[in-house]
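A.B. asks: Listed here are the chains, written in short residue letters.
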Amino acid sequence: MTTILQVRDLTVTFPGRRGGTPVTALQSLSLSLEAGESLSVIGESGSGKTTLLRSILGHVPPTGGAVRLFGADLASASKGELTALRRRCAAISQDPYGSLPPTLTVLESVMEPWLLVHGEEERAEGEERALGLLAELGMADGDLLRSKVRFSLSGGQRQRAAIARALVLEPELLLCDEPTSMQDASTRGDILRILQKRQGRGMSMLFVTHDLFLARRAAPRGIVLHRGRIVEESATAELLASPKDAYTKALVAALPRLGRA
Amino acid sequence: MIAVRNLSVTYRSSEREKRAVLGVDLAVERGRMVALAGESGSGKSTVLMAIPGLLPATAATSGEILLDGRDLLTCSEAELNAVRWRRIALVPQGAMNSFTPVLTVGRHVEEELEVHLGLSKREARERIPALFALAGLDGGLAARYPHELSGGQKQRSAIALALACNPEYLLCDEPTTALDVVTQRDIVVTLRRLVDEQGVGMLLVSHDLPLAASVADRLCIMKDGRLVEEGEPRTIVDHPANPHTRALVGALRELEEAP
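Residue numbers (my numbering), protein chains in the order written: chain G, 1 to 261; chain P, 1 to 259.
Simulated from the structure, these hints should not be mistaken for lab results.
All values reported here derive from a predicted model rather than from experimental measurement.
Glycine included, each C-beta is placed from N, C-alpha and C at the ideal position.
Don't take each hint at face value.
To be verified - One-sided excerpt, in silico: chain P residues whose CB lies under 10 Å from chain G: (1) G38; (2) V182; (3) R185; (4) E257.
What the hints assert, rightly or not - Have a look at the derived ranges for each label pair, beta carbon to beta carbon: (5) P:A3 x G:A235: 24 to 30 Å; (6) P:Y11 x G:P15: 33 to 39 Å; (7) P:A3 x G:Q196: 45 to 51 Å; (8) P:E17 x G:D95: 29 to 35 Å; (9) G:P15 x P:S62: 55 to 61 Å; (10) P:R246 x G:A135: 36 to 42 Å; (11) G:K197 x P:R19: 45 to 51 Å; (12) G:L82 x P:R16: 43 to 49 Å; (13) P:D196 x G:T21: 39 to 45 Å; (14) G:E238 x P:R246: 27 to 33 Å; (15) P:T61 x G:T21: 50 to 56 Å.
All chains should be built: construct the whole structure from the sequences, respecting the hints.
C.D. replies: The structure is reproduced here in structure tokens:
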């Protein structure tokens, strides 16, 4: 097995606003991911999940500890090396309104990463891939695909277009932050199936969510993040069935569920 | 009682017509909570916004919306303004992000009391602690600006705002969306308490079927503008009769009961 991601004792502290107390977003966090493996990160707002995803891509310098991505230490990587490492990853942000270029058409916005990497000469293949992905995600309407993102898409559709955009380069590591938050129940299942298909072909995934049911569906293993620390780490099914930490217990208890009579 | 009878709403623009709601019947009684669930675009919010007459001008409405027998659809703006806030109050979608950033959240509530109930500044200020407590908030937070509060605290402030004029009915549009699960649960408990202890009649619109079913007395499922199923939540969840409801429940169960 190849370890594609290793986070060791990662601490990230942000300076306080207007000379206030510094904020520790992540505290001695360690995790690792093998090629083809997936991990659910269960966390609510303020847990440090966004800082974690940003740190993995080298967008936030660590205050302590280290991140190794595909074997390379991010702290000592050159700008060019960082770009090359990031190109093997893709991220889906929790805000689909900020993650698609609003002036492009839906199809262009999904193809854009492909064109940036492969150039105009491979446009035809990029278009074919983008159309395939969009169709898989239930967006095959030609009029919709050729209209501008900002005029025509609902939140849920934006989110699906953002997923297509993230997958178009076939990333080795997908980092997703609540990628199905705006989807209806049936579509959510479709998206998870699409992601699982890629995982079957070797893609690794970090799946951030506050919904433990989704966490279980997305990955066999999970960590629970609370105030920048991992408070529990286990099989996701185990986290749901017998949570040990008080915070995990509260999350499980609060989960809306249909249950059985 | 609010009785919605055979409500249809069509949005008209120059190019097209969209029928958003088709022949919906619905009743909200005091001291009871009715939840309207369904997928995005099913027409839930349109039904909710039609009740206090807050649909955009492009919406053509037919049917009746009876408040204790009086049809709100035939009321003038002035008559509706006497009903809004005082009898029927609203927690609109995205309420927590709709506060004016330059006013404290408490000031928002005071302003409403001054404008709608004609209270003096001082009288209005004196009512704040009790209103915030009803919404499950520490009265001290009233002096904070919206950006100084968490999402849950802002949402509770929006509930306090809706409760200001002691309304008989509260219409809540996705009041827990975009909040953490623990906060969601706490907000729902607060809403349920308003129904049980204050006798508020509540219409809760939510795309979250498990959440809606867990808290409401009655559950209505909408699909493509129509009300496709209505009944006691446990019955619907355990024995969905409509094919769409069955699919919805099936998709949720698949996630909930995965091996």
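A.B. asks: Now look at each hint and say whether the structure bears it out.
C.D. replies: Outcome of the hint check:
1. G38: With a closest approach of 9 Å, the G38 of chain P hint holds.
2. V182: At 5 Å from the nearest chain G Cβ, V182 of chain P passes the 10 Å test, so the hint holds.
3. R185: Interface hint status for R185 of chain P: holds (4 Å vs cutoff 10 Å).
4. E257: 9 Å, holds
5. P:A3 x G:A235: 24 to 30 Å: At roughly 51 Å between Cβ atoms, A235 of chain G and A3 of chain P fall outside 24 to 30 Å, so the hint is violated.
6. P:Y11 x G:P15: 33 to 39 Å: Between Y11 of chain P and P15 of chain G, where Cβ atoms are some 49 Å apart, the hint is violated.
7. P:A3 x G:Q196: 45 to 51 Å: 47 Å, holds
8. P:E17 x G:D95: 29 to 35 Å: 32 Å, holds
9. G:P15 x P:S62: 55 to 61 Å: 59 Å, holds
10. P:R246 x G:A135: 36 to 42 Å: 26 Å, violated
11. G:K197 x P:R19: 45 to 51 Å: 37 Å, violated
12. G:L82 x P:R16: 43 to 49 Å: 48 Å, holds
13. P:D196 x G:T21: 39 to 45 Å: Cβ of D196 of chain P to Cβ of T21 of chain G: about 41 Å, so the range 39 to 45 Å holds.
14. G:E238 x P:R246: 27 to 33 Å: Once the Cβ atoms are compared, 31 Å apart, the range 27 to 33 Å for R246 of chain P and E238 of chain G holds.
15. P:T61 x G:T21: 50 to 56 Å: 54 Å, holds
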